[in-house]
Amino acid sequence: MRNSTTGWLLIAPTLFILFITGFVPFIYVLVVSFFDWNTFAQNPEPTFTGADNFRELVFDKAFLKSIWLTLKFTAFVLISQLVIGLFLARMLLRNVPLKGLFRTIHTLPLMIAPIAVGATWRLLTVPGLGPIPHYLKSWFGIDYILSRFPDQAFATVVIMDIWHWTPLVTLTLMAGLSNLPEEPLEQARIDGASEWRIFWDITLAFLKPVLLTTIFIRLMDALRTVDEVWMLTGGGPGAETRFIGLHIWRVVFPKTDYGYGSAMSLITLYLTIVMCWLLYVAMTGMKENKA
Amino acid sequence: MSRVTLAGVGKSYGALTVLKPLDLDIADGEFVVLLGPSGCGKSTTMRMIAGLEEITTGTLRFDDRDVTVLHPRDRNVAMVFQSYALYPHMTVAENIGYPLKIAKVAKEERAKQVDAAAKKVDLTPYLARYPRDLSGGQRQRVALARALVRSPGVFLLDEPLSNLDAKLRVAMRAEIKHLQRTLGVTMIYVTHDQIEAMTLADRVVLLNDGQIQQVGTPDEIYDDPQNIFVAGFIGSPPMNFVQGQASGGRFDGPGVSSLACPGSGALTLGFRAEDTRISDQGQFSGRVFEVEPTGESTYVVLDMGGQRANLRCDKKFRPALGSELRFDVGAGQCLFFDTTTGNRVR
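If you read the protein sequences in the order shown, they are chains D and W.
Numbering-wise (my numbering), the first sequence opens with residue 1 and increments by one.
Numbering-wise (my numbering), the second sequence opens with residue 1 and increments by one.
Do not take every clue at face value.
From the structure, some residues in chain W lie toward chain D, with a derived Cβ separation under 10 Å [claimed, not checked]:
no.	residue
1	Arg75
2	Met79
3	Glu109
4	Arg150
Computed spacing ranges between beta-carbons, pair by pair [said to hold, decoys possible]:
no.	chain 1	residue 1	chain 2	residue 2	range
5	D	Ile84	W	Asp202	30 to 36 Å
6	D	Glu56	W	Lys107	51 to 57 Å
7	D	Ala155	W	Ser12	19 to 25 Å
8	W	Asp64	D	Leu98	44 to 50 Å
9	W	Ser12	D	Asn3	40 to 46 Å
10	W	Asp202	D	Leu278	56 to 62 Å
11	W	Lys107	D	Leu110	43 to 49 Å
12	W	Gly342	D	Asn3	58 to 64 Å
Simulated from the structure, these hints should not be mistaken for laboratory data.
For each residue, glycine too, the CB sits at the ideal point set by N, CA and C.
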């Protein structure tokens, strides 16, 4: 009993901070989402509107488009980062020349703040100043103008995110790969499996917990990407790279539509939870169900 | 099944030699146990036979086929690891059937062969379970079934019983031996447990410091050791050793005088606890240091001038601590070793 009390006392400060910084704001957002509240409107006072904000969201084309763009972005970056990260992790665990140097250079982007990454890429891509538009034009004859071509803007945002976050995937997968038990892999080799087959049948299965964790982290990060994109494209051209985070920011701050923005945040949170849950079930539940 | 021939097979890592070139001929259907203390090179030898370690020198042949540089999958060997190396995400049936799946055996045929292998090791009721739902002994049997299902030329077992409790180890030992006899397969078994080696093997290969110390049947290894290491490693309790001097065909040492012996100079006398007999007129003597009843017999530990010796006595025998005890060693049971080289002196 005494131990239990001491335990609670010890974690009380953490619980208090979490309550103040996590739970209270969440409840606040939840409450606000049922109000029409815009401080610059004719009636700046919050007005209870029930589920109106949520009803409106279902038909909000801009919101739905930002959701679609975010999902597309997430799918592109997640798959690319996993494939590239896994390839690099396997390569860096072998005895390749200059691997230490490459590993250091490869890890550098991780240490840069997202806003700085966005600023750097903006400098790289500004027409008339950045090297990317210059060389694309002189070598391949491609007109590269982010503010004009939506596909180019979207692809650049994806590439920037891959450049920034693949090192994280590489590092976590390297940790996972270096902790694989040797004997099942050797057993598979004796059983006659090729290296590719061993990777597919055995290595991936052992790597599943690390993969799952990495995917969760990157999925949640990708779904809430704001600063890099805001810095690089500002969500443009038009709204072609306006992901959900940027969209909510625009509604809540410049437009000061707090109620509607809160409803959007809640729906986004809900979508994130559902996606994570589906992913978890897909990756852990399939085998058990099959059995 | 295959005959396995190691001709000058050795292993080095740069300048460090971990296994000196060894020659060994394992007959078709023979059960050979590689025995030795940790780090003696027995597992390395087995891994080289499996193809998991590169052979630095020499050649390895299965029948007349040179397999020295072949990939493990091309050697037609099956291996059971100490940790069983089961695939945790596959059911028992999938584990057993994995080598067949790799070999692209049709599904129906695969199921048939998996059933047959499972039956041989009494695993039929557990085919749908996952390894985590099985006991240690059952996991061991899954690993055996997975080895059996391929009908390999050579079976390799790397300390397969080490992770089991003592009782299960004895039971599984008998099962493995029975399986080998029934199927008539060539089996190479690595262990550091001499009891396992003695009970299982047709022939024991005793290794130490990366080289073979002796190859022989369990009886030969036990009764006729070629050097002091073999004599001391095999047997529980280990052989008693008394260091002394020999001249004119007579050996003198603490607690023993004028014992007929071959050779001369610094010799070590060796005798086993069970070859001793308490006798008032005995040629050997020592003071009782400790008495250890085991139920079926009593071991008396004697102090022979600072060197300890175990005697196996009647289970009711209880000598007083510190008393002097005389005993004899059976005719022909005294072995002599050169104290400097450790080699047997005959």
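Verification of the supplied hints:
no., hint, verdict
1, Arg75, "holds (8 Å)"
2, Met79, "holds (5 Å)"
3, Glu109, "violated (16 Å)"
4, Arg150, "holds (8 Å)"
5, Ile84/D <-> Asp202/W: 30 to 36 Å, "violated (54 Å)"
6, Glu56/D <-> Lys107/W: 51 to 57 Å, "holds (55 Å)"
7, Ala155/D <-> Ser12/W: 19 to 25 Å, "violated (53 Å)"
8, Asp64/W <-> Leu98/D: 44 to 50 Å, "holds (46 Å)"
9, Ser12/W <-> Asn3/D: 40 to 46 Å, "violated (57 Å)"
10, Asp202/W <-> Leu278/D: 56 to 62 Å, "holds (58 Å)"
11, Lys107/W <-> Leu110/D: 43 to 49 Å, "holds (46 Å)"
12, Gly342/W <-> Asn3/D: 58 to 64 Å, "holds (60 Å)"
When held up to the earlier numbered hints, the structure conflicts with 3, 5, 7, 9 and fits the remainder.
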